[in-house]
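Undergrad: Numbered by this note's numbering, the letters in the sequence shown go through residues 42 to 228 in order.
Treat the hints as calculated values from the structure; they're not laboratory data. Note that this is a predicted model, so its numbers are computed, not measured. Some hints could be false.
To be verified - Calculated pairs, BS3-like style, for lysine-lysine (alpha carbon to alpha carbon, straight line, at most 30 Å):
(1) Lys116 to Lys153
(2) Lys159 to Lys184
(3) Lys72 to Lys153
(4) Lys72 to Lys206
(5) Lys206 to Lys159
(6) Lys206 to Lys184
Said to hold, decoys possible - Derived DEER-like restraints, expressed as beta-carbon distance ranges:
(7) Ser91 to Pro218: 37 to 45 Å
(8) Ile131 to Tyr100: 16 to 24 Å
(9) Glu79 to Ser200: 41 to 49 Å
We treat Cβ as the ideally placed atom computed from N, Cα and C, and that holds for glycine.
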Amino acid sequence: MFIQTEITPNPATLKFLPGRVVLPNGTASFKDVEIARERSSLAVKLFSISGISGVFFGYDFITITKNAGAWEHLKPAILGVIMEHMMSDIPVMLALQNEEEQQEFFDPADNKTVCAIKELIESRVRPAVAQDGGDITFCGFEKGIVYLNMRGACANCPSSVATLKHGIENLLRHFIPEIQGVEAMPQ
């Protein structure tokens, strides 16, 4: 098994591509081992590596965020854990739970606008963000402001504010003039 790695715009996060489906539906994000224990043995194993502070599973990739250590020292251990797990055919998730099943908020009168926002996010934004090892989902729309949830490599990335304000906000405002701004939901 050959696992590719890619850098992301977030220097604290690396993207690992095992060459197979990681999660067939949705995404999963773990910020600590306690949350991981209930849902993913792979995430627990990854957190056992000193210096790992975040694990994110996408369709065909895993992003790992570090809070200590150099990638050249962490990467071999991470690759070993991912390879061992993938070769065992143990499911990545213990319990299937789609994180996208979050409570959205918006005025029902804005339903047409919200549908347009979601379509643009799904067709243009999410694929680009996934290329960088992250994910972004719609949370709400209120008083002209679109609220988004950023996960994986995008969470706490130094360039995430620029991505939100100059990339996503400009795109959405171009197609939907009533949008006044875009904000990230607090983690």
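Undergrad: Each hint should be assessed against the structure and marked as holding or not.
TA: Cross-check of the supplied hints:
About 45 Å separates the Cα atoms of Lys116 and Lys153, which puts this hinted pair outside 30 Å; it is violated. In summary, the hint linking Lys159 to Lys184 is supported, as the alpha carbons are separated by about 17 Å, within the 30 Å threshold. With a CA separation close to 34 Å, the supplied pair Lys72 and Lys153 exceeds the 30 Å bound. A hinted pair counts as satisfied when its Cα atoms are at most 30 Å apart, and Lys72 with Lys206 qualifies at roughly 25 Å.
Taking the CA atoms of Lys206 and Lys159, the gap is about 17 Å. The hint holds against a cut of 30 Å. At most 30 Å may separate the alpha-carbon atoms for a hinted pair to count; Lys206 and Lys184 meet this at roughly 17 Å. At about 50 Å, the CB distance of Ser91 to Pro218 disagrees with the hint of 37 to 45 Å. As the Cβ distance of Ile131 to Tyr100 is approximately 18 Å, the hint placing it in 16 to 24 Å holds.
For the pair Glu79 and Ser200, the supplied restraint of 41 to 49 Å is violated, since their beta-carbon distance comes to about 32 Å.
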